[in-house]
Amino acid sequence: MAKVLIQFAHPTLSKSSIQKTLETYCRKVKGVTFNDLYEYYPDLYIDVKREQKLLAQHDIIIFQHPFYWYSSPPILKQWQDLVLEYNWAYGPEGTALAGKKILNAISCGGGREAYKETGYNRFPVTQFLLPFNQTAHLCKMEYLPPFVVHETYNMSDEMIKNYGERYASILTSLVNDEFQAEHFQGVEYINELVPALQV
Amino acid sequence: MQQTVFFQAMIYLAAAVVMVPIAKRLGLGSVLGYLVAGIIIGPACLQFIGTEGQDIMHFAEFGVVMMLFVIGLELEPSRLWRMRKNIAGLGGMQVVLTSVVVAGLAMLFQVGWKEALALGMIVAMSSTAIVMQTLDEKGWLKTVAGQSSFAVLLFQDLAIIPMLALFPLLADHIPAGESHGADQGTLVSGLPAWIQAVVVLSSVAVVIITGKYLLRPVFRLMAKTGMREMFTATALLLVVGIAVLMTSVGLSPALGAFVAGVVLANSEYRHELESSIDPFKGLLLGLFFISVGTSIDFELIMSKPLVILGLVTGFMAIKMAVLFGLGKTFKVRNAQNFIFSFGLCQIGEFAFVLLSFSAQEGVLTKETTDTMMAVVAISMALTPLVMMLNEKLILPRLCAVKEGTEVHQVSDVEEEDNPVIIAGYGHFGNTIGRFLRANNVMATVLDNDSDNVDFLRRMGLKVYYGDATRYELLEIAGANKAQIIIIAISDEEKRLEMIETIKKHFPNLHILVRSTNRNDAYDLMNAGIMHIYRETFDTSLRVGIDTLKLLGHRAHEATRSAKTFFIHDERTLKHLSSIRNEQEYVTAVREHIEELELIMQADRDSTDIRSLGGWDRKAEVEKTEG
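Sequence lines, in order, name chains A and B.
Going by my numbering, the letters in the first sequence line up with residues 1 to 199, in that order.
Going by my numbering, the letters in the second sequence line up with residues 1001 to 1626, in that order.
As a list, the in silico PhoX-like pairs of lysine-lysine whose alpha-carbon atoms are at most 25 angstroms apart:
no., chain 1, residue 1, chain 2, residue 2
1, B, K1563, A, K77
2, B, K1024, B, K1142
3, B, K1563, A, K53
4, B, K1549, B, K1563
5, B, K1574, A, K53
6, B, K1328, B, K1142
7, B, K1494, B, K1574
8, B, K1138, B, K1024
9, A, K49, B, K1574
10, A, K49, B, K1563
11, B, K1224, B, K1212
12, A, K28, A, K101
A few chain B positions that, by computed beta-carbon distances, are all more than 12 angstroms from chain A:
no., residue
13, I1011
14, P1077
15, R1082
16, I1195
17, R1216
18, V1244
19, L1382
20, L1456
21, L1461
22, K1504
23, M1525
24, N1526
25, E1535
26, S1578
Don't read these hints as lab results, they were simulated from the structure.
The C-beta atom is built at its ideal place from N, Cα and C for all residues, glycine as well.
The following block holds chain A by itself, in its conformation from the complex (with noise of 0.2 angstroms):
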């Protein structure tokens, strides 16, 4: 059993259906700890100690969020400032992370198309992530593939439902320890070990 921690990180939850739906999911997943950053930490004042405990105390790590200008929002990128001491994180005796996992959970209005090199995005998802790839390298952790929700603009709710009930079993899954390192090979969206959820 991975314990799973969920840092979430939404600015307008109330303006998103998606968002929202994978929140009500993934809350019902036994063993998933949501952490609602913006709720917190209103005024981006994080608190590092319960933060870092928070961490300690769990196996796999997603950063669930919009994807704003092909990134996170700023509180993720302030958490990351702050909570990731040197010597703590990384560094020399920074190990407090290492071997744990970590993905990004992400929902983009563009649909996948536009995110290839011929698209209007020029780039794929994937790449757009290097940061969070790099920093959970340099932390000594697993990085994952992401679960990417395309086109939120206009998605039915059934459509939406199912997002929600996808996520719920990769998170599942995730807590099961039913993954392997070989199921990732290949795979750019985590969503590809899910078949129903092929776009």
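With chain A held as given, fit chain B onto it using these hints.
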């Protein structure tokens, strides 16, 4: 009964100590408590005090002098000047109209015009002691009604001087001795009128000049001795001295004390003076009210109950009507006008002075003055009741939310269902209310300033008038359905009272409470409150941030530092509230200051690490290494 001074003092004090808290507890106000105490120990009941109550009353009237001194202290000359229209207009009209109406009616009852006029002037007086004390207790002094009442009372104080001069002229029954002026014992009564005027004016000038130039060095000298009692003695000497001076030239000592107070209002010793005089003032006023109670002659009342009852209600009704009409003319709004006219409708303590004077001068017959004495005393005793009636019956109706055209019984009004109730809509509360409104959250407001209530109503807010500590009002305001109540009233004791009521009757409400300072916050914590907001804390920190910024600190760092401080201070507060034992407290505070230093130091250090090298540089290093 043979009585020593100590025995008498014991009786008076015991009566006050027993009755006043009971009266307060019943919501009747201290004045009624004192009056009832007086009746109980007086000739009518226990007979501890006989007719000497009258003498005590004369002595205790000095409390009124002190009260006016204290009122003067709180009233800067500029404010007094701004009130001049109200004093002359409202006050003048009140005295003239009431006198004329009462005199006219008296003449209808076959009273001679001279006697009628004297009666009119006597009835026109209201009781400064009762009215000011009651207004103060209810926190209404600063309201329109309070200010108007004060203006009228002040004018009456002034009016008593010409009245005393006028009364001898009204005398029909020439008393035995011709030398009536000498009875007054004033130094100037034998002199020609113009010299009298000069003396009177120059003695007022003496008071003003003394207050302005002489007293400050004297007080400074007294303060330097470092003996508190010397300061108190000086303050008392000042008030007593003025009283003697004023009496000797035939002026009202209360008025003189008031002038001295106003002159000293701007001085740096104002608060010191106030706190020195205050206890004396309170006790003497209490004594005064008690002696009014003892002076009520129940035998006389019983001998002609209907006449006296008729006179009391008649006079009070006339005064009330005149006051109400004037209030309307002077734009005192409805609810405030009721407070104003109900408050001033009694016949006051000056009437005693005028009555005994007119008996001496032979203006009125002994029979009349005796009856009037009873009438005056009863009307004074009734005042707190009348004011309470107004507060409990009339004001709630006036200030109830009108549904359609009908004004429902309080209990019939449908309960509000706004999620938030704000108690107290002054500076603190209205910011909260405005902010909530800007976010489309509707709040029900409770306030005890009826003008404020009127105004907010017109702005379309759901506002209820009344004492927010009362269960019924909370219920009507929808405390059963609301989720949150914000206690934003400024009175610390009222807040605690309110919390008690809410916890008992509406346990589901979240309570958010304003607190004055640390100590108040401790009390609130002891009352089990989670959400406490020290009213100056956030603001002070913002000043701190801006100070740092002006000194060249980076804005973000200053802001973060303030937040660190804020969180730490809130935590400290919680910890310290659990250990409020004196000695323990002191060492704990020291530890906490040290801890705070460490925390803030650490915060700054870690910021330094981040800003100097931190992330990028370290990553850079590792990259080149790798």
